[in-house]
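2 protein chains.
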Amino acid sequence: MAIKVHGHPLSTSTHRVLATLAEKELDYEFILIDLATDQQKSKAFLSLNPFGQVPFFEDGDLNLFESRAITQYLAHTYADKGTPLITNDPKKMAIISQWIEVEAHCFNPPAYKLAYELVIKPISGETKEEESVVLQLEAKLTEVLDIYEFHLAQSKYLGGDSFTLADLHHSAVINFLMDTKVKALFDARPHVSAWCADILARPAWKKIVAAMKF
Amino acid sequence: MAIKVHGHPLSTSTHRVLATLAEKELDYEFILIDLATDQQKSKAFLSLNPFGQVPFFEDGDLNLFESRAITQYLAHTYADKGTPLITNDPKKMAIISQWIEVEAHCFNPPAYKLAYELVIKPISGETKEEESVVLQLEAKLTEVLDIYEFHLAQSKYLGGDSFTLADLHHSAVINFLMDTKVKALFDARPHVSAWCADILARPAWKKIVAAMKF
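Those protein sequence lines, which keep their order, are chains A and B.
Using UniProt numbering, you'd call the opening residue of the first sequence number 1 and step up by one each time.
Using UniProt numbering, you'd call the opening residue of the second sequence number 1 and step up by one each time.
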């Protein structure tokens with residue numbers, strides 16, 4: 001099999017790549033990297049990704065890390081397969097890219113830290129932050145979700161009328177947060193809430209959630 | 001004039017966009033947004049970018065924010081003009097994308113915070129962090145630069161043999177840090193140091209530094 005993904009079920013970045021593969025209807029081999037024993041910091045893994053993070057991705061002779069670079073590679077290279085996650089129209093693509101960057105720089109920092117604190121730490125046993133830190137992160141995420149609510153009132157998906165990489169990049173962290181008190185922040189905003197329900201109901205996404213159950 | 005950039009000379013994200021325009025030999029109109037009076041948080045500016053950040057970009061009827069989305073739009077849309085900052089080869093482009101993501105997620109967080117602390121705060125008068133915070137950021141940046149040093153020993157530029165967006169995205173923050181004690185971290189690594197000298201010596205970059213002098 002040409003495509004291989006080295007990752008872990010508790011890694012939202014791993015889910016981001018697997019969801020793209022599922023949308024693109026591509027087969028792959030999954031190689032578990034044991035984060036509980038810090039396998040991602042082993043000499044062998046660091047020779048694949050010197051930053052010591054999953055996922056690591058292979059497609060034939062191409063070796064790649066950084067989940068958002070991998071999803072963009074898949075979307076461009078397998079443009080004709082499965083769901084079209086990007087577009088050839090430069091101006092429409094620019095809007096998709098804008099929301100890809102918003103996810104990475106505005107949404108993900110508070111949302112991922114909340115997911116780490118409320119979902120991953122109870123499993124890993126790491127020391128939790130003070131409640132005041134969680135409240136600060138919730139306040140930051142609230143500001144971002146207010147902007148999303150305004151935007152999604154005018155646009156069905158973040159990048160326009162159809163589901164794209166910009167939406168897909170959010171699914172994993174949102175899915176983690178749906179089992180926490182932070183769900184209330186999404187539920188309180190009707191357009192955000194409908195958008196979450198839509199992207200989490202996609203068959204490709206459900207397939208990944210079932211495969212990555214922890 | 002079709003292209004307009006709303007930005008500020010102290011904004012590294014503004015520099016990132018202007019450097020791309022200079023490499024692409026594109027003319028533009030620059031509109032100063034006065035960060036000292038929080039103009040980026042005004043109602044008028046929030047109607048352009050609800051996240052209240054510069055730069056904001058216009059190309060005819062396209063309105064765009066998020067600097068890395070803007071540079072990618074310019075690189076793709078004006079592919080035939082000036083310096084080719086991307087490639088059509090999907091696997092080579094994947095490597096460039098990987099290093100674009102490394103800049104955004106590994107390099108920029110500690111490097112930008114150091115630039116903010118050591119260059120921008122002395123100008124804005126904002127309260128500085130404890131020295132221990134600066135030392136922690138330096139330690140994080142050191143880890144990243146060690147990986148860059150290893151990589152740049154094998155590859156002239158981050159994304160391969162030629163200068164690309166992956167390199168360009170670093171120029172502004174590195175340029176700010178060259179006037180601080182953090183310069184020593186770059187100087188101590190010969191391949192990183194040669195790469196910095198190369199990308200900061202580019203005529204397009206020098207043009208932006210002269211135009212954005214503060």
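Certain hints may be false.
Put simply, identical chains are the same to the list, so a pair is met inside one copy or across any two.
Computed list of lysine-lysine pairs in DSS-like fashion (alpha-carbon distance at most 27 Å, straight line) [as the list claims (entries may be wrong)]: (1) Lys-43 to Lys-156; (2) Lys-43 to Lys-140; (3) Lys-207 to Lys-140; (4) Lys-121 to Lys-140; (5) Lys-140 to Lys-113; (6) Lys-183 to Lys-43; (7) Lys-213 to Lys-183; (8) Lys-128 to Lys-81; (9) Lys-4 to Lys-140; (10) Lys-140 to Lys-91; (11) Lys-43 to Lys-91; (12) Lys-92 to Lys-181; (13) Lys-183 to Lys-92; (14) Lys-41 to Lys-181; (15) Lys-181 to Lys-91; (16) Lys-4 to Lys-206; (17) Lys-43 to Lys-81; (18) Lys-92 to Lys-43; (19) Lys-4 to Lys-128; (20) Lys-91 to Lys-206; (21) Lys-81 to Lys-181; (22) Lys-156 to Lys-207; (23) Lys-156 to Lys-181; (24) Lys-41 to Lys-213; (25) Lys-81 to Lys-206; (26) Lys-81 to Lys-91.
Worth flagging that the hints you see were computed from the coordinates, not collected in a lab.
None of these values were measured; they are calculated from a predicted model.
Any hints this thing doesn't respect? Which numbers, in order?
3, 6, 8, 9, 10, 12, 13, 14, 15, 17, 19, 20 and 21
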